[in-house]
Amino acid sequence: MALDVELYRRTLYVPQDRAGAPPRRISVIDMAPPGATRTIVFIHGFGGRALQWIYQLSAFGQSVRVIAPDLRGHGQSDDPERPPVSMESLLTDLEFVLDELSVTQSILLVGHSFGGAIATEFALRHPERLSGVVLIAVPERFILQPGLRPLMTLPDSMLGSLPQRIGFGIHARVSTLRRLNDRAMGPWRGAPRFAQLRVPTLVILGHRDRVFAQEHYTAVPKSIPGAQQIVIPVSAHLVQLERAEAVNRAIKRFSNAQAQRAGDPSLSQPAQAATARLIEMPWLQAYDPDVPEQIPIPSLLVQDLLGNAAAELPEATALRFFSQHIHYGELDRLANRFASALLRLGLRSGDRVAIILPNVPQGAITYFGTLRAGGVVVMGSPLSTEEELAGQLRDAGARVVVTLSAYEGMLRRIATSSDVDHLIMTDVREYLPLRERLMLAVGLGTPPSIERPALPAQDANGARPAPRTHALQDLLRRASAAPLAQATRPDDIALIQYTSGTTDAPRGVMLTHRNLMTNVAQVRHWITDAKRGKEVILAVLPLSHSYGLTNCLHLGMAIGATLVLLPSNRTEEILRAIRANHPTIFPGVPTMYLAVASFPHVRRYGISSVRVCVSGSAPLPVEVQEAFEKLTKGRLVEGYGLTEASPSTHANPLRGERRVGSIGIPLPSTEARIVDADSGAPVPLGEVGELVIRGPQVMKGYWQRPQDTAQAITPDGWLRTGDLARQDEDGYFTVVDRKKDLILAGRFNVYPRDVEEVLYEHPKVFEAVVVGEPGEEGPNSLIKAFVVLRRGERATAEELLALCRERLEAYKVPKQIEFRQELPKNLLGKVLRRLLIDVPPANPADAAAQATPATPPTPQEVPTE
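Sequential numbering from 1192 applies to the sequence shown in the working numbering.
Among the hints, erroneous ones may be present.
Claimed, not checked - Cβ pair distances, simulated, as ranges: (1) H1773 - G1541: 39 to 45 Å; (2) E1989 - Q2012: 18 to 24 Å; (3) D1481 - D1869: 36 to 42 Å; (4) R1938 - P1791: 49 to 55 Å; (5) P1480 - A2001: 46 to 52 Å; (6) E1984 - Q1476: 44 to 50 Å; (7) A1673 - P1424: 48 to 54 Å; (8) E2013 - D1869: 33 to 39 Å; (9) S1799 - Q1476: 29 to 35 Å; (10) R1535 - D1270: 25 to 31 Å; (11) R1723 - E1984: 46 to 52 Å; (12) R1535 - E1984: 58 to 64 Å.
Hints are computed from structural coordinates only; laboratory data are not their basis. All residues carry an ideal CB built from backbone N, CA and C; glycine is no exception.
All chains, please: the whole structure from these sequences, using the hints.
So this is what it looks like as structure tokens:
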């Protein structure tokens, strides 16, 4: 697979001179691999766009920085009437792009057709900035063929998108092309300008190019002092698309020659570097053929994912909520409206906005809107307790909260001891289809229009005033849908995501735009066969968790997919959504796949549409994997991640070798190793130690916890995961257990997972978890198991202990077994071990060794209002 260049499309904003005019947008693809020492800038021609360089961007973008702007009025760049189109304005735009992108390296400038004229003028104005110029299919005069001239007189409304549909390859409005031709292209005379060029120049021609007069092509290399010329056989005007590899070879030879003349050290790196890299990172040999070893780190902002998809696919469905569809263009405008509304409420850059919603369209609207307003998102789960939410809102210092109207009372109580100034209320019904909305309205009534003023500066008791309360739809109706200029930078914080707290109290993880964009690029390039604008993603994972946020919302926007939002994880609702929407990608957790595969008559729901599944959060049993793949004919692989890494770091290959029980191999641009948990020194292959990770997706740190950050991230950038794991000789990693879950039974180390796997072998056991509790030999020396039995089963502790004595060494056998109706879990289904240690069972009788009928826990439901 070629690199997905759309993940590197940025929007730059040119301030306008006229008062009140919106900023003009220039869309530019910017790919900068780490350590790149050279820059190539590609300029498309009349009626073209940056994507006409797709093969060159993908080929060169893994080794040098590549930049390709859309000219004004072309592709996704704006074309206001003022300043008028001219060669001067086009050069000014190019200078603006290079300045905004902080390009300081010497540039190889590559222009196609009229883009070559712009490159020539730039080379005459700034020869000191260039290492060379490549002119592709450039004539000395741009005289349109007689058959095209009548089209230039027609209004835009008559042609619409006809040129693109019939294959003309024209990506600009006729009015733009007319002005460009009349004011810049038509008057340009190349011969005298070419004669003045004093930078190394390569001329590439297609031998069957008939767009312009043949004599105007052949005159170009003769006019340029010292120019090199290459004629590419079996090609015409769009030679960079028709014979991409031949053009790339020519550019590479020319570029390397100029770099060698300049003494570029990157050309003299030893050939042994690639071999050394494979020794250090053996997993690279296990990559699927189209997965890149390294990816350029995206410099765009998270909200640009939506903006780019909306510009390219405005009529495509972005969100499906039951049978309601929201197109990309509409979602883009709604996000702009929410951003404008936040600014009217006084939101400042860097202010925190908490979003506490289930998987409903309002979550995506307010998420991207907050980022466009310069805010930092704090994702909260609607299933959290009041105490948990209060702690997170106070810790984050959130000024605005978006949530369901059913939570208003709770949030108003929390706000009195926090920094919250505004509560924005919404209702699940607001984006439901009419039929479902009417059914709910019968029982719940009409959602109120809310606009409650804040209380006086202090109440009688001196407490903080209550926040002002607003209805989301009221704010959206009153706000402007015009795009806003972005002052945010890639290294600014985009998200504060609180950890799930399976072993410790939750901490706020600071994830930057660069962290999140890197991770979505890594995941996207792992799924090599994902087709832009064609995929349907089942979003049952909560978007309030980093796993759902990256693998559903971010990935969906990145590839222009349709996101099917499910606010509940009930198995039957998942299957109904599959039958209605035919998803192709289904990120999930093992319990979801097990429930789906075990559902009666599951094939009737059309589950075979699912092609790709990546399982996370917990170990994936091989039985679940095989059963699910048999039903779908797709690929279900196990992966790994943690909130501190945005979250994905490892996955099994989707087409290559999968290893049962393994979390797979590191994603592109990710390093991993196993070290001694105490000293941090590397351990031999196959031995258990702590898994550490380094890569651009690793967090900035913990919010307001510098000491915790210093403990989690080493000075040289390695993230200590707290997971005990081992690496085999091929680079596959297997997680053994959490470091903090390790039980010190006398002089022996006991991994809870070893004991749990034996308990799971008992036919009466539905769930089991093992923890260490205080004992005679230390604070974490007593092995205790918590067990949930299968429906209708009865068992005693002695039955289970007998199995453990048979299968385990004596020091691993639990000292206690406690039966539970269910185990405490987070919203993704992970068992919260700390609650088992800290909190006694709700019913002491359940701790006895008698049988306790158990059923799988029922998913909690969020209120409908």
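Supplied distance hint 44 to 50 Å, evaluated on CB atoms of E1984 and Q1476: Roughly 47 Å apart at Cβ, these two residues keep to the hinted range, so it holds.
For the pair D1481 and D1869, does the Cβ-Cβ distance stay inside 36 to 42 Å? holds, 41 Å
Cβ separation of R1535 and E1984, checked against the hinted range 58 to 64 Å: Since R1535 and E1984 have Cβ atoms about 59 Å apart, the given range 58 to 64 Å holds.
Between A1673 and P1424, does the beta-carbon spacing fit 48 to 54 Å? Given range 48 to 54 Å: holds, Cβ gap about 50 Å.
Confirm or reject the claim that S1799 and Q1476 have a C-beta distance inside 29 to 35 Å. holds, 32 Å
25 to 31 Å was suggested as the range; check whether the CB atoms of R1535 and D1270 agree with it. This hint holds: roughly 29 Å between Cβ atoms.
Verify the CB-CB distance for P1480 and A2001 against the hinted window 46 to 52 Å. holds, 49 Å
Starting from the range 33 to 39 Å, see whether the pair E2013 and D1869 falls in it by beta-carbon distance. At roughly 36 Å between Cβ atoms, D1869 and E2013 fall inside 33 to 39 Å, so the hint holds.
Take a look at whether the Cβ-Cβ distance between E1989 and Q2012 falls inside 18 to 24 Å. holds, 21 Å
R1938 paired with P1791, Cβ distance criterion 49 to 55 Å: holds, 51 Å
Do H1773 and G1541 keep their Cβ atoms within the hinted range of 39 to 45 Å? Taking Cβ atoms as reference, H1773 and G1541 lie about 42 Å apart, which means the hint holds.
Tell me if the beta carbons of R1723 and E1984 are separated by a distance inside 46 to 52 Å. Since the Cβ atoms of R1723 and E1984 sit about 49 Å apart, the hinted range of 46 to 52 Å holds.
When held up to the earlier numbered hints, the structure conflicts with none and fits them all.
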